[in-house]
Amino acid sequence: MYAQMVDTGVKAVAAAADMSPEEQAFQARIDADIKIEPKDWMPEAYRKTLVRQISQHAHSEIVGMLPEGNWITRAPSLSRKAILMAKVQDEGGHGLYLYAAAETLGVSRDRMIEDLHAGRAKYSSIFNYPTLTWADVGAIGWLVDGAAIMNQIPLCRCSFGPYARAMVRVCKEESFHQRQGYAIMIALAQGTAEQKAMAQDALNRWWWPSVMMFGPPDAESVHSAQSAAWKIKIMSNDELRQRFIDQTVPQADYLGLTVPDPDLKWNALQQRYDFGAIDWNEFYEVIKGNGPCNRERLATRVKAWEDGAWVREAAMAHAEKQAARAAKAA
Amino acid sequence: MTKEWPLWEIFIRSQHGLAHKHVGSLHAADAPMAIKNARDVYTRRNEGVSIWAVRSAEITASAPGDREALFEPANDKVYRHPTFFPMPDEVKHL
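Top line first, the protein sequences correspond to chains H and F. In terms of my numbering, the first sequence has 51 at position 51, counting the first letter as 1, and numbering is strictly consecutive. Take any residue in the second sequence, note its place counting from 1, add 1000, and you have its number in my numbering.
Next comes chain H alone, as it looks inside the complex:
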């Protein structure tokens, strides 16, 4: 997902007997669905895990602007261009809501950005794939934002107040993203044979990376179990993946496109789709930095940050000068 394989720093899920009275009271509040706020006492592992998860989520939004930004100048009409700019601007906004939520935990914005640029913090695997055609912009909105919505709606109920509130705001804006993507896919799928082939090609390339986005099966993951106990992970990777596939396959059918999975078939007994094996090797390679665009994405972010340094410094110097003048005049 936008936050994948988040390390909780624990070796086993904490049992009540091993908890200090403070930790027990903390867990009791979470169990009673009382939100944890930044100034409340919290275990250090909870705080650190949330910083990792929320900053990774924020970095994903910001890096996620790049694959789509790639097509702004080449959008096929003025209307498509205006819509895509609004969408990419939203992604920037989502990153800002999330950075602000993470900052309430005592980590600075600059520190989070340094961690990303130094490779200490991750962003979602999905944004390391290239956008080769205009149809990819449609496929991202439809599939990637569709997958993001699956994950983010449960997170609106997560235990940390600022994160939950940021998610509410993000979710309100996200369905525009998914619909604009699907509208692009409809236009292509109902267009010329070449346009339909372009839509099919985009689906072929984005399907498996989107399915992998939810992360590896987490039944045996101690981190997932601890995050679930803390209510910062509400549903398992496999549950979310199944839901995504079940809701997306009929949408592909409507477009007259074929999901690139020969083993995909409706299971009438279980009322869900069965699907083929996922190539987790590819996922781990991308996570390790060997996806098609990892180096380019990070280099673009670092360059933007470094090129903007003089602007940030100048704005601060100007503000300080104005404040000093006002103080002198008073």
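Mixed in with the good hints, there may be bad ones.
To be verified - Within a straight-line C-alpha distance of at most 20 Å, the following computed PhoX-like cross-link-like pairs (lysine-lysine) qualify:
1. Lys231/H x Lys39/H
2. Lys1077/F x Lys303/H
3. Lys1021/F x Lys172/H
4. Lys122/H x Lys321/H
5. Lys1021/F x Lys321/H
To be clear, the hints were calculated from the coordinates, so they are not data collected in a lab.
With chain H held as given, fit chain F onto it using these hints.
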């Protein structure tokens, strides 16, 4: 390493005459920039007609540890709610 822009808390008043409501925070070098950034970050869909920006450092907040001292005294004063006073059914407009 340059100095980070200060943090601001943003409050937005919606169109329906409600009070300014806290919506989140952002970084800006000064107050005019805080208003401009708040416009871009928090009002892209007509969420408001007025913005307040307050330096986060200027906010005084109650401490979680003072919750009982501050808020518990209200618990045993249920007579502050109108439902405390049962009214006869035949008496209207009360």
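Verification of the hints:
| no. | hint | verdict |
| --- | --- | --- |
| 1 | Lys231/H x Lys39/H | holds (18 Å) |
| 2 | Lys1077/F x Lys303/H | violated (61 Å) |
| 3 | Lys1021/F x Lys172/H | holds (17 Å) |
| 4 | Lys122/H x Lys321/H | violated (38 Å) |
| 5 | Lys1021/F x Lys321/H | violated (31 Å) |
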